[in-house]
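Q: Sequence:
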Amino acid sequence: MSGGAPKDVLITLIPQFEKATGHRVITQHVLISALRQKILAGESADVLLMPTSALDNLATMHKIRPEDRAAYGILKLVAIVKNGAPRPNISSVDAFRRALVDAPSVVYSTPASTPSGAHMASMVSELGISDIVERKVTYRPALEGGVSMVADGRVAIGIYPASEVVHVDGVTSLGPLPEPLQLTLVYGGAVAATSKAPGPARELIRFLAAPENRAVWRHEGFEIPH
16 MSGGAPKDVL ITLIPQFEKA TGHRVITQHV LISALRQKIL AGESADVLLM PTSALDNLAT
76 MHKIRPEDRA AYGILKLVAI VKNGAPRPNI SSVDAFRRAL VDAPSVVYST PASTPSGAHM
136 ASMVSELGIS DIVERKVTYR PALEGGVSMV ADGRVAIGIY PASEVVHVDG VTSLGPLPEP
196 LQLTLVYGGA VAATSKAPGP ARELIRFLAA PENRAVWRHE GFEIPH
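Quick note: the sequence shown uses this note's numbering, first residue 16, plus one each step.
All the pointers check out, no bait thrown in.
Dumping the calculated DSSO-like pairs for lysine-lysine here, alpha-carbon to alpha-carbon at most 30 angstroms: (1) Lys22 to Lys53; (2) Lys22 to Lys151; (3) Lys78 to Lys91; (4) Lys34 to Lys22; (5) Lys34 to Lys211; (6) Lys97 to Lys151; (7) Lys53 to Lys78; (8) Lys53 to Lys91; (9) Lys91 to Lys151; (10) Lys91 to Lys22; (11) Lys22 to Lys97; (12) Lys22 to Lys211; (13) Lys211 to Lys78; (14) Lys211 to Lys53; (15) Lys78 to Lys22.
Just the calculated beta-carbon pair ranges, DEER-fashion: (16) Pro119 to Glu194: 19 to 29 angstroms; (17) Pro213 to Arg113: 43 to 53 angstroms; (18) Lys34 to Ser188: 26 to 36 angstroms; (19) Pro101 to Pro193: 15 to 25 angstroms; (20) Pro81 to Glu159: 28 to 38 angstroms.
Derived by calculation from the structure, the hints in this document are not laboratory data. Every residue gets a Cβ at the ideal spot worked out from N, C-alpha and C, and that includes glycine.
Work out the full structure, taking the sequences as your base and the hints as a guide.
A: Here is the structure:
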């Protein structure tokens, strides 16, 4: 079970893992809030791919095996517009604030569903523009078509983790958010405490973290932790 951010990484690496090991992997992508609730409700999984902060939380409740973990890549938030649309300046805090104020419409993930959505809600509050943004924002996770709304021209500007926009046709990245406003998510994996196949699960965790696979994570919008 995985959040949406590593989806394209897994599309590339899971078939390689299956071919090399003979194991079969069934992947389910779920919003982070829903994924956490599924685990807390007792739903069984072998491997969990989530931000490491979420894995830390599950570790305190003994829902993962603490010795079977790995960190894969760092994700940052980027702003996107439709291909060919005007490209607002987001190079500074003031410029990004102005871009949000001036945009006729904005889309980002649901605050209660994902870390990026929660971060955006907190950020616009800190910038003092909650009232302005709330009148024109659509809350739509990337897994549920948020990026496509920008590509289709239904929304002027979107803010999502880099991995969820890097290969989407029809959108142009304006670049990462200014560092003082940035959310830095470290994505990782762990073997679930309920795993009925902990050996193969551990193999998959290690395979995804293997040095020879770092280029795949990088290609899909992740920065590689040192």
